[in-house]
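Visitor: Residues in the sequence shown are numbered consecutively from 339, following our numbering.
A few of these clues could be false.
Derived DSSO-like pairs (lysine-lysine); straight-line CA-CA distance at most 27 Å [to be verified]:
#, residue 1, residue 2
1, K375, K411
2, K428, K475
3, K411, K378
4, K475, K384
5, K363, K390
6, K430, K473
7, K409, K384
8, K384, K466
Restraint ranges, calculated between C-beta atoms of paired labels, are given here [to be verified]:
#, residue 1, residue 2, range
9, V380, E345, 37 to 43 Å
10, T444, D359, 46 to 52 Å
11, H470, I361, 44 to 50 Å
By construction, these hints were calculated from the structure, which means they are not laboratory data. For each residue, glycine too, the CB sits at the ideal point set by N, CA and C.
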Amino acid sequence: PRLTPEEFQEKHARNLKGSLDDIRKGIDRVTEAPGVKAAKKVDKLKARWLAKVDDGTWAKNVSGVSLDEWKRKFKDIGVGRISGGIDGAKDKVIDFAGQLLPHIATGQAALEGDPDLTLEDSIARMTKFVRHMAKFKKK
Numbered sequence: 339p340r341l342t343p344e345e346f347q348e349k350h351a352r353n354l355k356g357s358l359d360d361i362r363k364g365i366d367r368v369t370e371a372p373g374v375k376a377a378k379k380v381d382k383l384k385a386r387w388l389a390k391v392d393d394g395t396w397a398k399n400v401s402g403v404s405l406d407e408w409k410r411k412f413k414d415i416g417v418g419r420i421s422g423g424i425d426g427a428k429d430k431v432i433d434f435a436g437q438l439l440p441h442i443a444t445g446q447a448a449l450e451g452d453p454d455l456t457l458e459d460s461i462a463r464m465t466k467f468v469r470h471m472a473k474f475k476k477k
């Protein structure tokens, strides 16, 4: 007899969970950062992605999850992963804030002394700050 979909899933989950040591060893054997390797194939990525957009696959897949399913999965699965993710990103967030906060302060300082009496003054100040922030590039 063939496996049922439920049996297939259970076996798949059991085998994957039992392979964690092998997965760790495989990670240690990687010799080039996957992102660096992927960046070398940007033309391939672009061509394949555009082909999927053009043939309708992308639209079908991204619209294939109902609002109720999305909410349920986000609440039941996604939210539980936020704590670990933010803890794991601690150093990246600190590095980012170390770049962003001084940029914000520079933009705010540039507004000192600018008129702020009228609506037009406020719009000008806001526009000046937005343009300043648009120049921010994370290093």
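Visitor: With reference to the structure, classify each hint as holding or not holding.
Guide: The hints, checked one at a time:
1. K375 <-> K411: Roughly 32 Å separates the two Cα atoms, so the pair is violated.
2. K428 <-> K475: Distance of about 20 Å is within 27 Å: holds.
3. K411 <-> K378: This hinted pair is violated, its Cα atoms lying about 34 Å apart.
4. K475 <-> K384: 24 Å, holds
5. K363 <-> K390: Given pair K363, K390 is violated - Cα atoms ~34 Å apart, limit 27 Å.
6. K430 <-> K473: Distance ~20 Å between K430 and K473 Cα, so the pair holds.
7. K409 <-> K384: 30 Å, violated
8. K384 <-> K466: Violated - the C-alpha atoms of K466 and K384 are around 35 Å apart, more than 27 Å.
9. V380 <-> E345: 37 to 43 Å: Since V380 and E345 have Cβ atoms about 41 Å apart, the given range 37 to 43 Å holds.
10. T444 <-> D359: 46 to 52 Å: Once the Cβ atoms are compared, 49 Å apart, the range 46 to 52 Å for D359 and T444 holds.
11. H470 <-> I361: 44 to 50 Å: 45 Å, holds
Violated hints for the displayed structure, listed by number in ascending order: 1, 3, 5, 7, 8.
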